[in-house]
Amino acid sequence: MTMEDSTNPQPILQVRDLNLFYGEKQVLKKISMEITPHSITAIIGPSGCGKSTLLRCFNRMNDLIENCRVEGSIIFGGKTEINDRKLDVTELRRRIGMVFQRPNPFPKSIYDNIAYGIRVAGKVSKSELDARVEEALRKVGLWEEVSDRLEDSGMALSGGQAQRLCIARTIATRPDIILMDEPTSALDPISTQTIEELILELRENYTVVIVTHNMQQAARISDFTAFLYQGELVEHSPTKIMFTRPAEKRTEDYITGRFG
Amino acid sequence: MLIIERAIRQLRDNLHAMTEVVLEMLELVVGALEKGDTAELETIFKQDKHLDQLEKSLDRQCMELLALINPHASDLRFVFSVIKTNVDLERMGDEMKNVAREIKNTTEIPPELKELSRQVYATAKKAFRALAESDAKSSMEIILDDDKIDTLEYNIIQKYPQLGISLTAKALERIADHATNIAENIIYTVEGIDVRHENTIRQRLSQK
Chain Z
1 MTMEDSTNPQ
11 PILQVRDLNL
21 FYGEKQVLKK
31 ISMEITPHSI
41 TAIIGPSGCG
51 KSTLLRCFNR
61 MNDLIENCRV
71 EGSIIFGGKT
81 EINDRKLDVT
91 ELRRRIGMVF
101 QRPNPFPKSI
111 YDNIAYGIRV
121 AGKVSKSELD
131 ARVEEALRKV
141 GLWEEVSDRL
151 EDSGMALSGG
161 QAQRLCIART
171 IATRPDIILM
181 DEPTSALDPI
191 STQTIEELIL
201 ELRENYTVVI
211 VTHNMQQAAR
221 ISDFTAFLYQ
231 GELVEHSPTK
241 IMFTRPAEKR
251 TEDYITGRFG
Chain R
1 MLIIERAIRQ
11 LRDNLHAMTE
21 VVLEMLELVV
31 GALEKGDTAE
41 LETIFKQDKH
51 LDQLEKSLDR
61 QCMELLALIN
71 PHASDLRFVF
81 SVIKTNVDLE
91 RMGDEMKNVA
101 REIKNTTEIP
111 PELKELSRQV
121 YATAKKAFRA
131 LAESDAKSSM
141 EIILDDDKID
151 TLEYNIIQKY
161 PQLGISLTAK
171 ALERIADHAT
181 NIAENIIYTV
191 EGIDVRHENT
201 IRQRLSQK
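Protein chains in written order, with the numbering used here: chain Z, 1 to 260; chain R, 1 to 208.
This is chain R alone, in the form it adopts within the complex (with noise of 0.2 Å):
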């Protein structure tokens, strides 16, 4: 294998160690959420801890990698995404806890806000198995299903005005943007192409 190779290798790895964190963080509010049961939720405190470094670790990983054997190309475009995915999956971690915090002191849990926690963890899952397997086309999808997830997220602070029931959507939500982060940033890694703030090309995608 070539030095380049094992190196990307290596970061992948440690990549995918850091979606599993996140996942596990994720299915822990889910639960949390459909069966109003917070007893795990101390869990999200320490993993996030636990993610803290390793994105301590990713990025010096990066660091060396683009110091010693200065990736090109696809290469250097999966390096310079991780780096941003690194951060992604970190704010991942924070809004967990965001969530953690508010639905401890919540006694009424609305159908909503279960149902948006169950397609924010669907959208990581599908963002995540993206990432693993550098699957551009199912990244377009998760950036154009990221509208549902905002209306949700709407209709729940429209809704239910109490303070902590709008704190835990606008958490959720934020956990959703950041896996479409994550899906802009593969799609820059398969294609070379930026996808951010460009609303022609989802339009163009979302009539196809």
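Chain Z extracted, bound-state conformation (with noise of 0.2 Å):
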């Protein structure tokens, strides 16, 4: 690796002219922006802001949305055009998967949980199923808590638990990019803090983009923060900056709470 490759790496996302519609209303306002790969990017806005219809347009989550028109450009990997109508999206999901707000685990057992996104991605033997599935669980530091018990129903672990097996089914089918959808709001303090430790260590093999209503959230754990505002990007910057001298006065105002 070169120097330049070192300090300036090729983004993993390309966002470019991004617009978003619902209907008639305009969600997202030409936004562009680029995520570095092995990063933590934090979206960040107040309620409405459209920090939730940005990650989503990272999967085609919104394809499910009626009425919901996209226009611009997403670039994955410097070549793979998201937003291009005949890409698989099942594929694009595998590569660049999501973890919600709720944790919403399978009702099906702690294994299949895990096993399902393997199984779909292709076909495995039972042990090396079995491998990445242990593979997955201690990723998330739950094979200790678990390994005794995988064929229990994945609905009857605690919230933070819970949250952590949605994450492992994530990264089992080995994604590149892990989206979370305000990962930690449903769950205790301390559950929030295994959560917030756990993304820090997945920054080593994937790149982390979360959106979080909990600014204390983005500035601990990210590198790189993106505030919103009504639908417009603001600001972009390494969350060292971001939170220390903003550069926008509408940042200012809204991280030192004046306003949203």
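The hints are simulated quantities; they were obtained by calculation from the structure and are not laboratory data.
This list has only true hints and no planted wrong ones.
Distance windows between CB atoms, simulated:
id, chain 1, residue 1, chain 2, residue 2, range
1, Z, T256, R, K137, 34 to 42 Å
2, Z, E248, R, T43, 39 to 47 Å
3, R, D13, Z, P238, 17 to 25 Å
4, R, E5, Z, N104, 25 to 33 Å
5, R, K56, Z, L87, 46 to 54 Å
6, R, Q10, Z, E91, 35 to 43 Å
7, Z, S185, R, E42, 55 to 63 Å
8, R, E191, Z, D253, 33 to 41 Å
Sample of chain Z residues at the chain R side, in silico, Cβ under 10 Å:
id, residue
9, E196
10, E197
11, L200
12, Q216
13, F243
Derived DSBU-like pairs: lysine-lysine, alpha-carbon spacing no greater than 30 Å straight-line:
id, chain 1, residue 1, chain 2, residue 2
14, Z, K240, R, K84
15, R, K49, R, K114
16, R, K49, Z, K240
17, R, K56, Z, K240
Heads up, the beta-carbon is just placed ideally off N, CA and C, and yes, glycines get one too.
These two chains come separately, so use the hints to put the complex back together.
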């Protein structure tokens, strides 16, 4: 790797002039941004600013919403156009996974929660499947807690454990990017701390984009922060800079609690 | 390790690096006074520039830690103390520059000045160890011992009218004052008690 590569790697996502409309209403306005691989990017902004909508653009989750129209381009990995209507969306979502606000384990065993996505992605032997389930559970620190009850229902886990199970489920399909939509807002402080530590570890192998209401969480764990306001990307900069000397007055006002 | 623990550890490491530089500078000062050898004093000025850079970087680190991690309770007291200790360390560097400047032109070094420099060195070393170990007890001792250094400095100024010697003694005494400030910061970090300007606390302690 050359010097230039290490300081300025090729972005894993390149968003260009992204507009999104729900019917007549424009929700995202001319958003352009780049996401650096192996970084944690937090998207912050007041309720209704479009942050979840933006996140959902990255793996085409908005396809499921009626009357939703997207313009502009999102290039994944330097070549794949995410907005290409002919794209295999299932494969896209394997490579760009999503973790939601409420832990949503499948009503299946802990084992099958993880194995499900791996089986969908392709045929694997039982021993390989076992190994990948264990690997995923270990990565989220859940293995020690559940290894003796893999056949129990995933629904029986506590909130924090269930959310880690969902992260393990996402990891199991070996994605490049993990999108997280308020992954800790339904959890208690201790579980939140565990998930935050986990997200920091994920950065080594994945790229994380996280939407959070919790500004302190964005500050604590992210490398970059994007501030969205009324569908516009107001500022996108290293988190250290954003929270010590933001460039924009609106960012300053938002993070100091003057509005929003 | 928790996010805050990691951040605090990094802060501790950088603070330690700074105290190491200050201690090296002090060793040079003591050595120059003992042997009357001023050749190595030029290093003091280089070290001081280095110290200035470390001060800025430590400040930035504290600022980011406060902004991003929002430390509370003992963590918050620690960061608050580091910000203040940082200033004391940088000032110690400045005072050593003053000493270096003065002793270059002083031919006769009185034995009392050598003794003062040894005591100041010992105090600083003790303060830095207390800092690394969050040791409130030896911090108290440092505060109480500062009077001895003040007396020594006063006697030198009374006995030797030469300006160079007075200024050197004054600068050395100031270095010990900064070490005392650091000791006060340590007590605040560990115990949460502000002992500055509290003669009653000092009296109570000295009676123990």
